[in-house]
Amino acid sequence: MSGIDSSRPADAPEAGGLLERPLTLTVHSLPAAGGAALRDAAATRAGRIKMLLLFLVAASPVIASYFTYYVIRPEGRRNYGELIEPQRPLPPISGIDADGREVPLPTLKHQWLFISVADSACDAQCERHLYLQRQLREGLGKDKARMDWVWLRTGERAFPQRLRAALQPATVLWVDEAQLAAWLQPAPGQRLSDHLYVVDPMGHWMMRFPAEADPAKMRRDLERLMRASASWDQPGRPEGKVP
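All the letters of the sequence shown, read from the start, carry residue numbers 47 to 289 under the numbering used here.
Keep in mind that a hint or two might mislead.
In the EDC-like style, the derived pairs of lysine to aspartate or glutamate whose C-alpha atoms are separated by at most 16 Å in a straight line are [said to hold, decoys possible]: (1) K263 to D169; (2) K190 to E269; (3) K190 to D267; (4) K188 to E258; (5) K155 to D246; (6) K190 to E128.
Label pairs and their in silico Cβ distance ranges [unchecked claim]: (7) G185 to R91: 50 to 58 Å; (8) R94 to Q207: 55 to 63 Å; (9) P152 to E184: 46 to 54 Å; (10) A262 to R91: 49 to 57 Å; (11) R91 to A227: 29 to 37 Å; (12) A89 to A257: 52 to 60 Å.
These aren't lab readings, by the way, just hints derived from the structure by calculation.
We put the CB at the ideal spot given by N, CA and C, even for glycine.
Using the sequences plus the hints, can you model the full thing?
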């Protein structure tokens, strides 16, 4: 019969042949890393973990004290002084001491700093602040060795001789007012000289007391700071860091 030959060509695949067979893949394994390379990678990871753990152990007292002060707030009372956020590190500027020597401000760290700012002429408000700084620091008892009384003078460079004897326990530095104002700042509507300031031992400005501050409330804040940092802060500076 003429027409299409319906017979299967000799070379056609049988039913269930190649087209209907499942596809199979051959997976060749990758070459195994050398034992030395694996050991080196493991040692590197272990070293990094150890370094991280050592850092956390060393920093834990500082972290705990700041968490206690800023978050838990001992005694359940709100701090009187205004906390500065973010904290500001001591600037890379220098002051001039009573003997005319240059003292970089960053060398003041490693102690708590209780700071006043005023013109060298030192008016009545300035004298009141200096008196409060001395009295409140003395009131800390044995902890006073961990806090420095600091007066940052502006205006005339000449040291006020009438105050020299009274200021023997203090750190007194003349600083450029414009440079200082780029670091410390007063509350809105106030002057830089209206406040007393606190810098922590790591060199960060962290608190500003209000103008005409209540001495009793300031004392409570300072005592709480001393208690919160007692586990990690020691009096004095490392050798070579004394201004």
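Restraint check for K190 with E128, where alpha carbons must lie at most 16 Å apart: violated, 22 Å
Given the hinted pair K190 and E269, is their Cα-Cα distance within 16 Å? holds, 10 Å
So if I understand the rule, the pair passes when the alpha-carbon distance is 16 Å or less; does K190 with D267 pass? Given that 16 Å is the threshold and the Cα spacing comes to 14 Å, the pair holds.
Looking only at beta-carbon atoms, does the pair G185, R91 fall within the given range of 50 to 58 Å? holds, 52 Å
Tell me if the beta carbons of R94 and Q207 are separated by a distance inside 55 to 63 Å. holds, 59 Å
Holds or violated: K155 with D246, Cα cutoff 16 Å? holds, 8 Å
Do the beta carbons of P152 and E184 sit within 46 to 54 Å of each other? violated, 27 Å
For A262 and R91, compare the CB-CB distance with the range 49 to 57 Å and indicate the outcome. Once the Cβ atoms are compared, 55 Å apart, the range 49 to 57 Å for R91 and A262 holds.
Are K188 and E258 close enough, with their CA atoms no more than 16 Å apart? Outside the cut-off at roughly 27 Å; violated.
Distance restraint hint 29 to 37 Å, applied to the beta-carbon atoms of R91 and A227: violated, 49 Å
52 to 60 Å as the expected CB spacing between A257 and A89, which holds or is violated: holds, 59 Å
Do the alpha carbons of K263 and D169 lie within 16 Å of each other, as the hint requires? violated, 24 Å
Checked against the numbered hints listed earlier, the structure breaks hints 1, 4, 6, 9, 11; every other hint is satisfied.
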